[in-house]
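Assemble the complex: chain Z is given as a structure, and chain G must be docked to it using the hints.
Number of protein chains: 2
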Amino acid sequence: MAQTGGRIAGHECDRERFIGRYRSYRNPEAVERGQLENSEAYGDDPCGAIQSDLELQPGASADILVLMGVGRADVGERIREGYGTPARAQGELDALKGRLHGLLESFGVETPDEDFNHMVNVWNAYNALMTFVWSRACSLVYTGEGRDAFGYRDTVQDTVGVTGLIPEEVRRRLEMMLTGQDSTGGAQPQIRPWQHRPGQMLPTPAHEYRSDDALWLFDAVPAYVAETGDTGFYRTVLPYADRGEATVLGHLRRALEFNLERTGAHGLPCGLLADWNDCLKLGFHGESLFVAFQVRHGLRVYAEIADLLGEAAESQWAREQLAAFDPRLQAHGWDGDWFLRAWREDGVPLGSKRCEEGKIFLNTQSWAVLSGAAMAEQAVRAMDAVEQHLETEYGLMLCAPPYEKADHRVTRAVLMNPGTKENAGIFSHTQGWAVMADCLLGNGERAYRHYRAYMPAAQNDRAEVREIEPFVHCQSTHSRFSKKFGASRIPWLSGTASWSYIAATQYILGIRPEVAGLRIDPCIPGAWKGFDVRRRFRGKILEIRIENPDGVQKGVRRVELNGRAIDGTLLPIGRLEERNAVVTLGQRR
Amino acid sequence: MAQTGGRIAGHECDRERFIGRYRSYRNPEAVERGQLENSEAYGDDPCGAIQSDLELQPGASADILVLMGVGRADVGERIREGYGTPARAQGELDALKGRLHGLLESFGVETPDEDFNHMVNVWNAYNALMTFVWSRACSLVYTGEGRDAFGYRDTVQDTVGVTGLIPEEVRRRLEMMLTGQDSTGGAQPQIRPWQHRPGQMLPTPAHEYRSDDALWLFDAVPAYVAETGDTGFYRTVLPYADRGEATVLGHLRRALEFNLERTGAHGLPCGLLADWNDCLKLGFHGESLFVAFQVRHGLRVYAEIADLLGEAAESQWAREQLAAFDPRLQAHGWDGDWFLRAWREDGVPLGSKRCEEGKIFLNTQSWAVLSGAAMAEQAVRAMDAVEQHLETEYGLMLCAPPYEKADHRVTRAVLMNPGTKENAGIFSHTQGWAVMADCLLGNGERAYRHYRAYMPAAQNDRAEVREIEPFVHCQSTHSRFSKKFGASRIPWLSGTASWSYIAATQYILGIRPEVAGLRIDPCIPGAWKGFDVRRRFRGKILEIRIENPDGVQKGVRRVELNGRAIDGTLLPIGRLEERNAVVTLGQRR
Chain Z
1 MAQTGGRIAG HECDRERFIG RYRSYRNPEA VERGQLENSE AYGDDPCGAI QSDLELQPGA
61 SADILVLMGV GRADVGERIR EGYGTPARAQ GELDALKGRL HGLLESFGVE TPDEDFNHMV
121 NVWNAYNALM TFVWSRACSL VYTGEGRDAF GYRDTVQDTV GVTGLIPEEV RRRLEMMLTG
181 QDSTGGAQPQ IRPWQHRPGQ MLPTPAHEYR SDDALWLFDA VPAYVAETGD TGFYRTVLPY
241 ADRGEATVLG HLRRALEFNL ERTGAHGLPC GLLADWNDCL KLGFHGESLF VAFQVRHGLR
301 VYAEIADLLG EAAESQWARE QLAAFDPRLQ AHGWDGDWFL RAWREDGVPL GSKRCEEGKI
361 FLNTQSWAVL SGAAMAEQAV RAMDAVEQHL ETEYGLMLCA PPYEKADHRV TRAVLMNPGT
421 KENAGIFSHT QGWAVMADCL LGNGERAYRH YRAYMPAAQN DRAEVREIEP FVHCQSTHSR
481 FSKKFGASRI PWLSGTASWS YIAATQYILG IRPEVAGLRI DPCIPGAWKG FDVRRRFRGK
541 ILEIRIENPD GVQKGVRRVE LNGRAIDGTL LPIGRLEERN AVVTLGQRR
Chain G
1001 MAQTGGRIAG HECDRERFIG RYRSYRNPEA VERGQLENSE AYGDDPCGAI QSDLELQPGA
1061 SADILVLMGV GRADVGERIR EGYGTPARAQ GELDALKGRL HGLLESFGVE TPDEDFNHMV
1121 NVWNAYNALM TFVWSRACSL VYTGEGRDAF GYRDTVQDTV GVTGLIPEEV RRRLEMMLTG
1181 QDSTGGAQPQ IRPWQHRPGQ MLPTPAHEYR SDDALWLFDA VPAYVAETGD TGFYRTVLPY
1241 ADRGEATVLG HLRRALEFNL ERTGAHGLPC GLLADWNDCL KLGFHGESLF VAFQVRHGLR
1301 VYAEIADLLG EAAESQWARE QLAAFDPRLQ AHGWDGDWFL RAWREDGVPL GSKRCEEGKI
1361 FLNTQSWAVL SGAAMAEQAV RAMDAVEQHL ETEYGLMLCA PPYEKADHRV TRAVLMNPGT
1421 KENAGIFSHT QGWAVMADCL LGNGERAYRH YRAYMPAAQN DRAEVREIEP FVHCQSTHSR
1481 FSKKFGASRI PWLSGTASWS YIAATQYILG IRPEVAGLRI DPCIPGAWKG FDVRRRFRGK
1541 ILEIRIENPD GVQKGVRRVE LNGRAIDGTL LPIGRLEERN AVVTLGQRR
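Respectively, the protein sequence lines represent chains Z and G.
Residue numbering for the first sequence follows my numbering, beginning at 1 and increasing consecutively.
Residue numbering for the second sequence follows my numbering, beginning at 1001 and increasing consecutively.
Looking at chain Z on its own, in the form it has when it is part of the complex:
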């Protein structure tokens, strides 16, 4: 801590000396005394307080600059010399603002919904950036060992929301995560960058593997390649965490093999230590339908990548696996009106109408659609069941009804109050997937309604209900099963930021990068007469005007790029100029 402009009249670094014994921030002794006494921190609780005595004549003003940082004193002194003037500090602040605004300009939208615009243009993107930077390390709620690292699945998903904003950083983060994958194909649960030594890490003990960790790569890696066109990334050779190495494509195949090699009684992937939902205790050989849908999604993505790279044998392998996998999903995944959540090791299903509690789970409905596993009629019925059983005015519940009688060895959710977090709370992370699924099905009205239900800005006038910031996403919101319906908890660092941003920009607005170009495929409320998007894509600027004169929810009739019609809905990269004007018309129903 340092100050320039104004003589330093005293400082305090020991918090108790500043606040005083048996006092609090409400009445610090040092302020009452009016004089700091120059204490130094030496263990215990530190603080930073600088006193400057100023006398101002009427109308006069003075600038005081306070610099704060953590590090060695000699570095601090160099920084004070370099940055220690108000003008320089102002310049740095302006540069920082400029950088953030520059990033936020990667994607701008103007729709009829002002709240939606604010979220997409500023806060959701900023939220995703902060989550990418901090992971879960900066929390008033979660602390202690294990919270000082990059959790594997969180971190991989955190890249998804910022791929369009900071692709280079995303690539570096993905390389870290790919080299955090063991040669088994499973992933190290946590990565500590300062002690991450790819190729030399101890392999993860078999019982500590989560079943979903490495499967998130099938969302993150293709997103990076689609944004940048960097298909060579798939050929990049990277070490595994413990030993050996492979191309990124090889890493992806090992990830699939990891789950395909670990299947249970119905031939579906085991949940291992846990899948996405830590609370569910399936038994190590219990089977997770969520993971099954992730594997299906992974196989499909893998086949597409292999096709793209001309790796016919790899593509064929994936398609053969798919052909063997899908019948198992159909035979053991469908419950009649929706998809099951899991088969416990002891043969009991979770998320079935046969269950008394936890009859239906959200994630296996949305992922059945996202993965392409659901047949058309199943997809419709599953998402209708979501609306019927899980919708509330503040978002979709994770499951219903809540657990109140279950054995805590079956699900830890029973340890939570009904309507909170994993126990039939509105778990924000999952909302984006449901929105995306409804967009895939063409349900623009419902997707938008679900999106707005949990959109922070929509709660702007209900602070007394939400109780947290109305501009960032949070971990979860109390559902109608709770006495605090609508109260939200644990804002900022949540996988919600990533997926909500994708749901809004790529599914509702439908501006989706692909390796070959930019896809235009909105799915919106019929009442929207149109919207405008300004997007940066591979260094080019696109001004996209979507017109919806017929009030449709989905379906593009005609796309014009720089005044000329395009065949289909993809803006081919080869036809993009430095600046592009795009006009799209919604099709008549």
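Treat the hints with care, as some may be off.
So the derived label-pair ranges between C-beta atoms look like this [unchecked claim]:
1) Z/R536 / G/Q1200: 52 to 60 angstroms
2) Z/M130 / G/R1033: 34 to 42 angstroms
3) Z/M130 / G/R1088: 55 to 63 angstroms
4) G/G1551 / Z/G71: 54 to 62 angstroms
5) Z/F284 / G/V1237: 24 to 32 angstroms
6) G/I1008 / Z/V31: 40 to 48 angstroms
7) Z/Q330 / G/D1148: 41 to 49 angstroms
8) G/R1319 / Z/D278: 47 to 55 angstroms
9) G/A1089 / Z/G71: 55 to 63 angstroms
If you're looking for bench data, these hints aren't it; they were derived computationally from the structure.
Remember, it's a predicted structure, so these values are computed and weren't measured experimentally.
All C-beta atoms in this analysis are idealised placements derived from N, C-alpha and C, irrespective of residue type, glycine included.
Positioned in the frame of chain Z, the structure of chain G alone reads:
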């Protein structure tokens, strides 16, 4: 929470409702309002507040009983029915006090030092009992995952201080710890009683073994047998944590083999993940002299147990191991004026006069003596070096000089301020060992001076220096290398309680249980003209009067038991009556 006697006028279970937003415990809104509003806790921060409106006439009184507990409501109701009268509650409180006083009467002393008496008779014993009960789980400082379990080495040592008070509980705890030992001989770092399944636990990953964990059994198990005479315990068959089973004697042998099988370049035991001092990073194959002395101690104790049980082959094995081990200790442990602390994997010694920082460590001097490894002259020189380099008026420093330049990969101590905790602080846990070592050498004056230096009651008039309770031990005290010399931190739950109690009762006062009887072997300041001890031992009461007319520090001239002279200093168990009068005279020098 429940109340009887006085109508309940309101309650509050949601803390924010009681305190109010932007308020603190200094000005709770509910108190200002004068009326509680019956909130229920539903997540977030709970509290328990009951309001009763009482009007008392002059001279009148009323009893209100408030019951608090955690658990199911139906259990709470049963308890309220059973205990919900002031008379019953008073009876329970009296019974609790009676039980604690009964335990504390196991050992009572009256010496010329009132502070010493208070510590031994009440507070040190109580401190040890609380530490046994809570382990390290009840702390304002340490929280989070890994702090919710019984740490192996802490827990084994915690039994040592309470063996004389609650031997049956100690036996059960020791059985838990013995069944927490893997079949490798190493120990599971942490035991969670509610999920401890001996014989079925996953074996500890090789790289997670601490080198000292199971070696503390050589202090705890013999202490239990000596207190109770229960030599059959050594024959009790108990499972290992992971698989297989053995007698307690077999467990002890595996513990020794574990370390003997894991030796480094000098044939000394490896430090593995860590020895007692977590801060030292020796490298996995670096060698710890502290552990070497523990192994030597263990071999000696094992040979004695084997002799006691008539297991000649076992005794011979241990003595052969000792004969092979001692020359290595002499060749690679002695630094010329004191004993080294460790050999790092890269060949660099720690705790050597060749070091610039951390030249001398306390624990390898005290343990060289306690283990019998030090030859007579080495023992004297090592403990003299302790006095010369490590003594301060508030206790002995863990090492000196502090680390300020070292690489944090060599010792994490460099991350702590000089003079604190493991970086040349006064680490309380270690003080008892030094006192015990000086007692073994006959240095009664010095042992007592070292003991008083860190004895909480001796700080009674220096609260502004000590800053914590003057009646319980703490983790550490700032040493003269710190700006807060004498300030103590982290009171209550520390291994200090156990070893200080042993040092005071068994080494300074010298009343030491052995399988064959009670040993009388004090080591005191010459100025003490005598002292009286009242001890319970195997159900019998001994009133022991120690007379020291010649002002010696050590050496017993004559022992009388119930009026008849005893040969030597052991009161044989066979000659003890229900109540016994013992008189001991210090010998002329």
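A quick look at each hint next to the structure:
no., hint, verdict
1, Z/R536 / G/Q1200: 52 to 60 angstroms, "holds, 58 angstroms"
2, Z/M130 / G/R1033: 34 to 42 angstroms, "holds, 39 angstroms"
3, Z/M130 / G/R1088: 55 to 63 angstroms, "holds, 57 angstroms"
4, G/G1551 / Z/G71: 54 to 62 angstroms, "holds, 59 angstroms"
5, Z/F284 / G/V1237: 24 to 32 angstroms, "holds, 30 angstroms"
6, G/I1008 / Z/V31: 40 to 48 angstroms, "holds, 41 angstroms"
7, Z/Q330 / G/D1148: 41 to 49 angstroms, "holds, 43 angstroms"
8, G/R1319 / Z/D278: 47 to 55 angstroms, "holds, 53 angstroms"
9, G/A1089 / Z/G71: 55 to 63 angstroms, "holds, 57 angstroms"
Of the numbered hints stated above, none is contradicted by the structure.
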